[in-house]
Amino acid sequence: MASYRHRYLPMTDQDEADMLQAIGASSVEDLFRDIPAAIRYHGALPVSAPLDEPALWTHLRELAERNTDLSRCISFLGAGLYDHHIPAVIGHLISRSEFYTAYTPYQPEISQGELQAIFEFQSYICELTAMPVANASMYDGATALAEAGLLAAGAVRRKRLVVSRGVHPEARQLLATTAKGIGLEIVEIDYIAANGTTNLALLEQALNDQTAAVIVQSPNFFGCIERIADIAELAHAQGALLAVSVNPLSLGLLEPPGRLGADIVVGDAQPLGIPQSFGGPTCGFFAVAEPLMRRMPGRIVGQTVDRSGKRGFVLTLQAREQHIRREKATSNICSNQALLALCAAVYLSVMGKQGIQEAALLNARKAHFAASATASIPGYSVPMAAPFFNEFVLRLPDKLSYAALSEKLLSDGILAGYDLEQSYPELAGHMLLAVTEKRTRADIDRLLARLEEYA
Amino acid sequence: MNGNQPVSDSGGQPFIFDKSKPGRIAYSLPDCDVPELPAEQLLPAELLRTAPAALPEVYEVDVVRHYTALSRRNYGVDNGFYPLGSCTMKYNPKLNEDAAKLPGFAAIHPYQPASTVQGALELLYTLQNDLAAITGMDSVTLQPAAGAHGEWTGLMIIRAYHESRGEQRTKVLVPDSSHGTNPASAAAAGYTTVTIKSDARGLVDLDALRAAVGPDTAALMLTNPNTLGLFESHIEEIAAIVHQAGGLLYYDGANANAIMGIARPGDMGFDVVHLNLHKTMSTPHGGGGPGAGPVGVKRLLEPFLPKPLIVRRPDGTYGYEYNRPHSIGRIKPFHGNFGILVRAYAYIRSYGPIGLRRVSECAVLNANYLLSRLSAAYDVPYPGLCKHEFVLSGARQKALGIRTLDMAKRLLDFGIHPPTIYFPLIVEESIMIEPTETESKETLDQFVDIMLQIAWEAEHSPETIVQAPSTTVVSRLDEALAARRPILHCDCN
Chain D
1 MASYRHRYLP
11 MTDQDEADML
21 QAIGASSVED
31 LFRDIPAAIR
41 YHGALPVSAP
51 LDEPALWTHL
61 RELAERNTDL
71 SRCISFLGAG
81 LYDHHIPAVI
91 GHLISRSEFY
101 TAYTPYQPEI
111 SQGELQAIFE
121 FQSYICELTA
131 MPVANASMYD
141 GATALAEAGL
151 LAAGAVRRKR
161 LVVSRGVHPE
171 ARQLLATTAK
181 GIGLEIVEID
191 YIAANGTTNL
201 ALLEQALNDQ
211 TAAVIVQSPN
221 FFGCIERIAD
231 IAELAHAQGA
241 LLAVSVNPLS
251 LGLLEPPGRL
261 GADIVVGDAQ
271 PLGIPQSFGG
281 PTCGFFAVAE
291 PLMRRMPGRI
301 VGQTVDRSGK
311 RGFVLTLQAR
321 EQHIRREKAT
331 SNICSNQALL
341 ALCAAVYLSV
351 MGKQGIQEAA
361 LLNARKAHFA
371 ASATASIPGY
381 SVPMAAPFFN
391 EFVLRLPDKL
401 SYAALSEKLL
411 SDGILAGYDL
421 EQSYPELAGH
431 MLLAVTEKRT
441 RADIDRLLAR
451 LEEYA
Chain A
1 MNGNQPVSDS
11 GGQPFIFDKS
21 KPGRIAYSLP
31 DCDVPELPAE
41 QLLPAELLRT
51 APAALPEVYE
61 VDVVRHYTAL
71 SRRNYGVDNG
81 FYPLGSCTMK
91 YNPKLNEDAA
101 KLPGFAAIHP
111 YQPASTVQGA
121 LELLYTLQND
131 LAAITGMDSV
141 TLQPAAGAHG
151 EWTGLMIIRA
161 YHESRGEQRT
171 KVLVPDSSHG
181 TNPASAAAAG
191 YTTVTIKSDA
201 RGLVDLDALR
211 AAVGPDTAAL
221 MLTNPNTLGL
231 FESHIEEIAA
241 IVHQAGGLLY
251 YDGANANAIM
261 GIARPGDMGF
271 DVVHLNLHKT
281 MSTPHGGGGP
291 GAGPVGVKRL
301 LEPFLPKPLI
311 VRRPDGTYGY
321 EYNRPHSIGR
331 IKPFHGNFGI
341 LVRAYAYIRS
351 YGPIGLRRVS
361 ECAVLNANYL
371 LSRLSAAYDV
381 PYPGLCKHEF
391 VLSGARQKAL
401 GIRTLDMAKR
411 LLDFGIHPPT
421 IYFPLIVEES
431 IMIEPTETES
441 KETLDQFVDI
451 MLQIAWEAEH
461 SPETIVQAPS
471 TTVVSRLDEA
481 LAARRPILHC
491 DCN
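Protein sequences, first through last, are from chains D and A. Residue 130 in our numbering sits at position 130 of the first sequence, and the numbers go up by one each step. Residue 438 in our numbering sits at position 438 of the second sequence, and the numbers go up by one each step.
Just so you know, these hints were derived from the structure itself, not from any lab. C-beta atoms are modelled at their ideal positions from N, C-alpha and C, and glycine is treated no differently. Honestly, I wouldn't trust all of these hints.
[Unchecked claim] With a straight-line Cα cutoff of 30 Å, these simulated DSS-like cross-link-like pairs (lysine-lysine) come out: (1) K298/A / K180/D; (2) K19/A / K438/D; (3) K159/D / K180/D.
[Unchecked claim] Now the stretches of chain A that chain D is said to cover, found in silico as 3 or more residues with beta-carbon under 8 Å: (4) 96-105; (5) 409-419.
[What the hints assert, rightly or not] Some chain D residues well away from chain A (every beta-carbon gap over 12 Å; in silico): (6) E188; (7) Q210; (8) L234.
Pulled out of the complex, with its shape left as it was, chain A reads as follows:
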């Protein structure tokens, strides 16, 4: 008897374990062409597994139908609009997927002699340079696996820099609108964080910044445009304040889709930057990963980059540089998420400099268009121009008893992925919308119509919203129950 009988799962997808029937197989292994010694002759008996892992026994069609059924219970960019603020859910080009699967990229080992992977190394070297050009930095490491990983790497570099100067700086400043990863990464790099409040315009409060910086300031972490979608227009002054105190400026590249070819972090005064290739450079999010978070630095921080860097030798061949005595060390096995880097490189080559600039222009145009059309029905806490994203407030609807969460769930009924909600933390009932450049005016107009309809429903038929979603495979789930009584795996036996 299987412990997972879906008694309460009418119409749901059973577990793969539920399809198990002893005797079925879905695998095909090579014949054993060496002596077929029993396990006990290969290894001491006490090392051998005493009870086999209770994996399912199914045949290939079961596997294919199970995961195909699961895929149909999922929603990706290829299904529809995904205006998820700060996440840059743009279209994932198909050629880039094909490229990453080429055997010359997918079936190579990082410890192969460099002479046998010159194509891969050339790609990495070129990508390092392209990302340096886009960000205005002098040198780039491709190793970090994700944005948060890039943040931590960048902060470890900053720490090594200060230590090389005999300074023990202990504090990292973050705006109150920053991503949660910023303070978490700072803590992982051994720093305490100081939160800088935003001013009435939604920008870094310069007086608060001046009051917070000091000889203990290691760095300020900033996104620009910030998480409200606003450009920190006094960035030069911010940079001067931090630099005069001996601190460095860290650029969280989550919002870089607004500025490619328009303004570069390096020119704004930033010393370190990470980019999320799974945002700006279109590599797929994969349902939560893998991503890649390369880090670029100014010349003064180059000695501290993680090992190894990819270099071009005078004879035109490519290789690794391990001799980096001041490096922070290794932060990722091998050479980072190479398969993601291939896709990002293909993306950059599909656009070139003019195209990348046009990407950012269209992203910003789309966002401003949505903002102007939605401002009639929703509160706009920081009116004016936005960059690639903007933040609305559901305060007006909350007064009617409808929360932002309810409206987000109502969007699901219209086949649209909701925006980011309740972030940034400084906006009440926040709704953070990022359309990206790959959505058409027709899609945006349709989204506006739906958002206006939901605003109307909030006033006139709130029960429709409170009951939403009603068209999805499950209705709202009890998250409190999941955390209170954790069930974290199936009962496989």
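The following block holds chain D by itself, in its conformation from the complex:
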């Protein structure tokens, strides 16, 4: 295959000849003589044809343009992934190739930038959640939630997880898959229909001395804020841990779970400056109470000193991890979402002490305005009475199906909220609307006008 040229490949015919001679091989083919003939692949792989750079760019742009991106519609779609403003500095800073082309910082002397940024990320998560320890991030919020269940089962040495139906449906599905792997039992607790929060009477009945953890989300999938302190009391009375999944942006406004008795706090950092990207990659965060520190999954950055006493950072507590412990590791996860943790850290640096509060309040104000305005349109109602943050459930008029409404809205350039019937059969005709700081009064008015028109 000499004479093949490609912009990413430096090998010239002369290089190839010189290197083969140094090796003592007769040809490149000769380097593969240890592969039995019967399993050699001959011919061209049936993969997509190559494109030169201009053609590839055109092709990728064409594919991208066939998607209705959020600059071409007004989105009221949230359900775990939100349309927030992303400050311009973020893209520039995480595009520094010293960050994005680096490997995991196993060589700390040349990775101090990444390590310090992640150390600051851990600090930000501790501050937001009011927890004493956070890790360097996880794949996503749902994975963090499942890992919280595993951690609790290991720490309490029990095999039963009690999970609220108010937890994101996909996170519960992922938890179910994960639990099956190591033989944990999952018990789901229903919500109160009129209120949207976990039914605490049912929760109390479900708890017993086999329960490792109670797992809730707040604001939950319906946007409703759970009574964390009460749930913590119920869990702890049975010797179980409480794991809470939170929207990190809501913590600019809401009392953090760390001050309400949570033992594990997880969530997805997507609202903190991470693009929606069709659902991934995002970045999970994971924080625990001090006694659980050495059971945390994933990577952790710690502060130390170098030989001259100078402050520096390293990956630490690695005795938990797979490359040391192999099958006895606390988790098989050996990567984090470093670049997106960096993204969240830059976002929180930009927002700062005041900005995070203002952004959270702005989300709450707009969502509350939209909720009361939609509820006042004849035929529509907001059936769940619990306090909410930036997302709420809207019940549609009986004769108006979600499918019909969402299609009409889309033709008007409005992306409807999430169809709750998909995950909650009892909520047919209910739509979950997210209203972030990006939605203007005009956007909301346009939605209101259409809802009224179609009622």
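Given the coordinates of chain D, work out where chain A should sit on it, guided by the hints.
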């Protein structure tokens, strides 16, 4: 008074918190164009935050200078050579970065109607097929977020398969040279692991394998080429031994950069494979993530793939298939790490079939060239041909009092990222080198010169090595102290 005054950090980078000054802002939020109700009127007072999070108060220039300064204290592939074995630190093409940032990819929601994301679905569908073609598998899920996630997904599929046949197999076999994730993933899937020793050539010991397989064997996990960079040339026999016992073969794709278009796991007898797109398909490692670890399976395992799959309908449109009653369920929210998948697709399209094969040829040629040139100064525990990577031993230098760790740190002084060290575990003082195909002969020659120099220093001026690194922003760090007295966040207040 900030608790983080860098008293012992002369010349270091302060924390962003240290730059905080009340009254400064770096944000710009939209005006409130709805009634400006106070928080207490929106929510019950007892739900409201009692003390604000102590985030820094800085302006935009502070943020930009802070992270730019941090980036200058970091080292990526764009800075220089990164011969990190088993990690495939190849060049990350820039066009692929631009593609992932296109609004049509970066600003779409996974719950949008499928009709509004046909471009994204076509990309995913095509990528599924391309990865199936490269690995010789029948069907691919793109959902796993990383290699370890792919391993766990693959093992859950294997488990569902055995259970569907009414079998409760409990053991997963892994070679003693395997990645640590293999046994960790097996444990997460509910299996116990049995370690199979390597023979004198560094390959799976067939007798040990025969002795270990049985009716309780769920699967054998193997990388091929293995972590010593050696091709398991009796792979067909290995496959027969495992299959005859009713077990399945799992291919850890960490080393797939050696074999694209040259040999396919599916043709070797593997039933399940994961690929690390952040290795083989050039997506950036991002300092530790995000990655992507798609899983391919043979026909018999298709029913167990996670939900949903991306399908092409008879009318030419693309959609999701959720109706999969035997599926292991969901393993990742939404559709996997889509932004990474976009980059991987762009990579495959930049090469096509001939180019991908050439990638693997050059990777293997580069590795063999380095091996032949370095074997004069370093012990080679498994001499002969290697594939995309190889393992040296620092035993000769250890006899002089110089550890592999010391030599790795010395490389930092020359501006080179050290190889993987102390892995695989079966080689004393191991040094695992993977040059990748995107490094030039000049870079390789320079690396050889430096490695030979370090070998010379080990004999003649060991203190230079023991004191290394001396050119980095910090010298060797006290890892024991970090673990003994954990300081895991700054004191922000």
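Here is how each hint holds up against the structure:
no.	hint	result
1	K298/A / K180/D	holds (23 Å)
2	K19/A / K438/D	holds (29 Å)
3	K159/D / K180/D	holds (11 Å)
4	96-105	holds (count 9)
5	409-419	holds (count 4)
6	E188	holds (15 Å)
7	Q210	holds (19 Å)
8	L234	holds (18 Å)
Of the numbered hints stated above, none is contradicted by the structure.
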